[in-house]
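Residue numbers (the numbering used here), protein chains in the order written: chain P, 414 to 905; chain X, 1145 to 1533.
No lab work stands behind these hints: they were computed from the structure.
Accuracy of the hints is not assured; some may be wrong.
When the alpha-carbon atoms are kept at most 20 Å apart in a straight line, the in silico SDA-like pairs for lysine to any residue are as follows [to be verified]:
| no. | chain 1 | residue 1 | chain 2 | residue 2 |
| --- | --- | --- | --- | --- |
| 1 | P | 885 | X | 1322 |
| 2 | X | 1267 | P | 643 |
| 3 | P | 873 | X | 1326 |
| 4 | P | 873 | X | 1473 |
| 5 | P | 473 | P | 493 |
| 6 | P | 644 | X | 1326 |
| 7 | X | 1521 | X | 1467 |
| 8 | P | 577 | P | 448 |
| 9 | P | 512 | P | 467 |
| 10 | P | 618 | X | 1319 |
| 11 | P | 512 | P | 489 |
| 12 | P | 512 | X | 1272 |
| 13 | P | 618 | X | 1521 |
| 14 | P | 493 | X | 1205 |
| 15 | P | 722 | X | 1272 |
| 16 | P | 618 | X | 1205 |
Small disclaimer: the values here were computed from a predicted structure and weren't measured.
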Amino acid sequence: MGKEYLSLKFTRRVAFGISAQTPTPTDPLAWAAAQLKQTPPIDILERDGSRRTDLPDWVKLRWTTDDVMTALHVHQEAEKASFEKSKTLSKEQFELERKNDIAIPYWRMEPWKEVQARATTAAYAKAPVFERFWHFWTNHFMVAPGNQNNDVMVGPFQRSLREKMQGSFKDMLWHAVTHPAMLVYLDNNRNTGPNSKAVRQKWTKDSVNENLGRELLELFSLSPASGYTQKDVEATTLILTGWREMKPDKWRKPEIPLGAYFDFDRHEPGSQTVLGKTYSAMFRPNQKLEELIHDLALHKATANHIARKLCVYFMDDAPPQQAIDHVESVFLKTQGSLPAVHTAVLEMCWEHISSTRKFTSPETWFLQTATLSGLEIPRVAPLDDRGGLKTFYLLGDLGQPLPRCPQPNGWPIRSSDWISKEMLDRRVRYLPIAFNDITRMNSNYFEELTAQCARFLPDKGADVLAIESALKRKDTRLAHSLFHASPSLLWS
Amino acid sequence: MQRRAFLQTTSALGALSFAAFQSPYANAQDHAPRILVVLLRGGMDGLTAVAPVGDSTYTRIRPTTAVQQTLRLDGSFGLHPALSHLHSIWSQGQLAIVHSTGFDYSGRSHFEGQDIMQTGMTKPYTSPSGWLGRAMQVANAPGGVAISIPMPLILRGNPDSVTQYPNWMPSLRRDVADLLPALWAQDEVIAPYANVIREQNMNQIRGSMSKENFENSRSWPELGRLAGLEMRQPNGPRVGLIDFTHGFDTHASQGAEQGVHAQQLKELDRLVQAFQVQIGDAWRQTVVVTVTEFGRTAAENGTTGTDHGVGTCCFLAGGLIDQSKVYADWRGLKTEQLFEGRDLPASIDVAAVYAKVMERVFGISPQKIQDQVIAHKPHAALKGLLGLG
């Protein structure tokens, strides 16, 4: 296969491809590596990459911890008020008010604006490779809406991971585990030591909750393959007791800033043993968690888990062992320096580009279709029930309703999980909708576009012949739909 | 531009769409057994769904989450009040419950557990196929239908099974659909889907679906109804699968008679009811079976919820059940009777329950099931389940 085809396959492998009008990068690895050097700003963007300015204030992204914690509190209060209304209003009136108080602001606008920022930044900003790695990390440290009215925390948490991609895995792990969004999502805000002051003095009926402790070991660091035990989960859970969120409610302690904090009164005193090592608080009680996270982040099992997961995510369901070994060794040698690890992944993707293949996730394929064909990311906001394509509903139709990931282990990373009759059928049905509705492209444009896209296909495969037969019939729109539905474009 | 200029009728989603998947076995199989598997992800709390009202320890270790107002089953167990339809099935002699059961897995991880509950293996991530899919292969059974967008692992291994889920998108133009088989011909992974998609799109009636109908069509009862609609067809699938919610993972404030866990059970109950109504007479040769990855801690945790455990209960409902009964090898709820001092034990291997189901539904020999479908430890307490020895 030609180098140009492989270079373009690589642009789809580690990003969303390049637009039909853009020349093929002569040095694909350098093209990709350059995009990881800085952390690109993220926002809801116009096609030219500028920030979209036509949205009302209440649908803008929240950036500061104070804003997020205040919004969380306002949402939780709105839920209480809504519950009270349910006792007095008629069913119809209650449903109407609930829609305005809760459904539109929190269930529609929150995911809409965050998905919109994610998709427009991927499509219009200049560092799609960075975005792919960010998608990986938001999936690894999954926080999804649904638990404890956490809707407003999801996007700010995910965006906060971006700058951590320039540092070490240890710093990112610490950041994610002690972030208020994670503490709420996995119930750690109620995880309380049975011998803590709060329990002994009966301020609370709360006690241990293993949710975050288990996922810290299982999903975020070691993985079960490392062989930790239930005792390790229990000890980790105790070390996590007392880590919770401070918000501006009636229990606010004014001396403590909003966000995550360590409540010593809820913490289990004494020492705990994880993987044979005892963690004690000699000077600072929250030091136990710092040390545990330090040890977990640099553990060989963690390096292997992260390396394997990155290779499966980017390369193939069965990545070459040599690639996993290389990424793992870079992880260990650099003590988990993420820029070094990311670069190693790029190198392995390029080295093995012709012998590996990965089925695109619905999100990646959606963004690839937009990138290659220059489609606008649907921009309509669900401010009311007006029609129009909405990006986050579309992703759901395609089988990946971001940000509502069903479980804390994130979206599937294996090709086999993205292939089913419904999944494929929806992609094919989406294309005519995209090309009819999203744009007003004319037939000549499609012809030109399809010609420019030919370099993305291998020579004379069955898909090329099918597309050519459509072109012969002068059905350029059909030809272009077939192009995006071809195996070459469904896989990267 | 209309986002949802819906082009399908509800009935088009169901009845006609399956004409495409007729199998050579379809003829004269009207009376063939049918099975609907409902995956309950998150870990259903067996002690909430089917409360051990005869065990005095129960209310002691569950100060806020013990279910006390139950629907009567027998002297030992009571059914959660949200499961009123299941209780009416019980009254008709068509509900079997296996309690203190689970897989031979005590790692307490959702994701490993959900892999094992579908692959039927003893180790996670060791099989690309599921026990239901393998059973269909061994039995040479026609393809089943998963009411889902992705193909759940449990049905994989049977290439004729398909996914089906309400979709507002217009069906494909004929010329597009016609080109798919050629377009995908050289890709061994996706090529098999091309004809199925082509035929289904051609058979779909273009109508309209209102926004309300589309949203409603994705509720659990409606998905149960869709499964029933597919499975009642003389030439339709005999195997159905519903990948039900992840909401059983109730670490905090799970409630008892009311609350979040009760709400999940209510949805399950409505789903089964809608399925039963829709499948009609075929209910007589049908069994609905629940599958969950694990149970939850016997005692309440510190946040009025329950953490990941081991044993739970399993429901089997339908005309293939010949008597209502709770099958259990109950060890008790005192600390020393629990698994590792904390969990309801899996004293009956639930794989043995599913093995019996496979034997009854597909007529596969127990030895073949043991060797090729799902390895399991038979248990004397299961004698008589599904009329089998």
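Going down the list of hints, with the structure as the test:
no.: 1; hint: 885(P) to 1322(X); result: holds (16 Å)
no.: 2; hint: 1267(X) to 643(P); result: holds (17 Å)
no.: 3; hint: 873(P) to 1326(X); result: holds (13 Å)
no.: 4; hint: 873(P) to 1473(X); result: violated (64 Å)
no.: 5; hint: 473(P) to 493(P); result: violated (24 Å)
no.: 6; hint: 644(P) to 1326(X); result: violated (56 Å)
no.: 7; hint: 1521(X) to 1467(X); result: violated (23 Å)
no.: 8; hint: 577(P) to 448(P); result: holds (15 Å)
no.: 9; hint: 512(P) to 467(P); result: violated (24 Å)
no.: 10; hint: 618(P) to 1319(X); result: violated (65 Å)
no.: 11; hint: 512(P) to 489(P); result: holds (15 Å)
no.: 12; hint: 512(P) to 1272(X); result: violated (43 Å)
no.: 13; hint: 618(P) to 1521(X); result: violated (41 Å)
no.: 14; hint: 493(P) to 1205(X); result: violated (30 Å)
no.: 15; hint: 722(P) to 1272(X); result: holds (18 Å)
no.: 16; hint: 618(P) to 1205(X); result: holds (15 Å)
Hint compliance for this structure: hints 4, 5, 6, 7, 9, 10, 12, 13, 14 are broken, all remaining hints hold.
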